[in-house]
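**Q** So the sequence lines, in the order shown, correspond to chains A and B. Just so you know, my numbering puts 78 at position 78 of the first sequence, and the rest follows in order with no gaps. Just so you know, my numbering puts 167 at position 167 of the second sequence, and the rest follows in order with no gaps.
It cannot be assumed that every hint is accurate.
To be verified - Label-pair distances were calculated between CB atoms; the ranges are:
# : chain 1 : residue 1 : chain 2 : residue 2 : range
1 : B       : Gly15     : A       : Ala193    : 48 to 58 angstroms
2 : A       : Thr136    : B       : Arg121    : 50 to 60 angstroms
3 : A       : Gly243    : B       : Arg32     : 24 to 34 angstroms
4 : A       : Ser26     : B       : Gln205    : 44 to 54 angstroms
5 : A       : Glu262    : B       : Arg318    : 28 to 38 angstroms
Said to hold, decoys possible - Cβ-to-Cβ under 10 angstroms is the rule here; a few derived chain B residues that face chain A:
#  : residue
6  : Arg12
7  : Lys54
8  : Thr58
9  : Leu59
10 : Leu60
11 : Ser64
12 : Val78
13 : Pro83
14 : Leu99
15 : Met114
16 : Pro115
17 : Thr159
For the record, the hints were derived by calculation from the structure and aren't laboratory data. As the structure is a computational prediction, the values presented were derived from the model and not from experiment. Note that the Cβ used here is the ideal one computed from N, Cα and C, for glycine as well.
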Amino acid sequence: MDLQLNWRAMWGRAYPRIIGVQREPSWILFDIFLPLLGIAAFIFFYRAMGAPEIYTGFVVLGGAMTAFWINVLWSMAAQFYWEKETGNLQLYLIAPMSRMSVLAGMAIGGMFLTGVRALSTFILGFLLFDVELEVTNPAALLAVFVVTLIALYGMGMLFSSLYLLYGRGAWHLSNILQEPIYLVSGFYFPVKAMGFWVALGASIIPITLGLDAMRQLMFDGEQIMPFLTWQVELVILMVLAVGFVLAARYALHYMEYLGKREGRLTLRWQ
Amino acid sequence: MPFAIESNQLVRTFGGAKGKKPLVALDHVDLRVEEGELFGLLGPNGAGKTTLIKILATLLLPTSGTVKVLGHDVEKEVQAIRPRINMVSGGETSGYGLLTVRENLWMFSQFYGMPSEEAKRTINEMLELFGIADKADSKVRTISTGQRQKMNVIRGFVTDPDLIFLDEPTLGLDVNASMNIRSFIRKWVKGQEGKTVLLTTHYMQEADHLCDRLAIIDQGKILACDTPLRLKRMVAKDSTFTITTSPCASIGEICSLPGVKGFNAKGDGSKEEVRFILEDEAVISDIISLITNKNAKVISLNKTEATLEDVFIQLVGRGLD
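The shape of chain A in the complex, shown without the other chains:
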């Protein structure tokens, strides 16, 4: 593999997303203030119910991590659909770089905006709703966060292979995954509350275990209800990260082959 070529290709593809942040300032409204409204609804609901105060922290954390989940679904996995529509995809495919470097470029380019959204949701939520944090092991928290993101974006790369072949047909996948995952992955409450088997099934989505481990490392109290210990969850997340990245590499190669065989890599008029 030509590392220099793929490095340049990755930054080349990251560039439109990085520069887009400067050129379309409307993202400040859509990515900072609107998400706050979503988490505020959950917090007021919990408070009206008299739920333990720690749940406010769960909601803020879940709201922050939502940014990454949406980014993976729509700006990563589904991006190949848009690229096919505009005619970019065929130009990516005839170029010599690895498809993984294009996807990595999308991820890195999108990371800034997503990171700002997540961080701003977290900080503003923390300040506005008086969230109490007890971070005892920041290194472990950072490790869980980073490994969760690698696994999550690896999964996004895997999904993107479906868009490579099926285009709009795969659109429903992102729709199906977006809302239900908020429930089964426990974005706003401990996933264990859904029962062991649901939590186990939802653990294939890296954000499930990532959130559960981060809750253990950021808050204190018996209401945390850990599904597994954070150490076990970190190990599983590492396995998922490696597994998804390797699976994505294989799937992209295979789907490209199928697309070339069936003539589905480009639109008919292109």
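Chain A is fixed; fit chain B onto it per the hints.
**A** The following block gives chain B in isolation, referenced to the frame of chain A:
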């Protein structure tokens, strides 16, 4: 001389599942394009031109047959082919509207691993050459169709490929923009060793003026392949007439007259223009008689030199339009 493109008995079909008859897009195509050639593919919509380009550009697999591009198999050796090719299509909307022309071109150059400074320098030179340097810092969504197509052409050439596929590169452009692009293509391929262009076009004149050799393709088959001059000589022994008449209902009848080898009719409701290829000039009197007998008027009659359109009409049995 080595071949830049070599296909043997290339077949590409689409569909055919559940007992349906497959659509044959390419039907046993044998094609040899030498390195350094500016080679044209001429054919109507649906002839198989774009399918052929997609196979050569490693976007589509052949159903059967073998294809080599720059000496490498398109199925098994794509990594040896991709760094050395590029592709530009007419009416392309690639790139990102919020990026400037310069930024878009730079981004695509990075997919070929070009060093950033070298890419920027080449992009600046080519923007000057194509007369759109003043648009270099304009966002792509704000520039005109012609400027955008010039940008697309620059994108294809900026990576300095050994073989470039140009699929209707001047589609929908005004005369000046088309001339500018044609002139660049000609200079690029003839000014350097080992550069090859495969061009598809609807425009007969473009094919005639630009291409060293041409293949005429229809319904997935190559009907003829030679230099434009030799192709035109194929029909030179026949006579070509263009007749403009008032609306005439008997065009079909005329074309079935003995001695009429082919025709292409265009009408706008107020008049009809029919181009005939005749085996014998004497047949023209029969045609005029038939038209006047049908109460239509002959507005003009011209005998013309054979063109590629005549070659096309003779081979395909109809015009390109």
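**Q** Looking back at the hints listed earlier, which ones does the structure fail to meet?
**A** Of the numbered hints, 3 and 11 do not hold.
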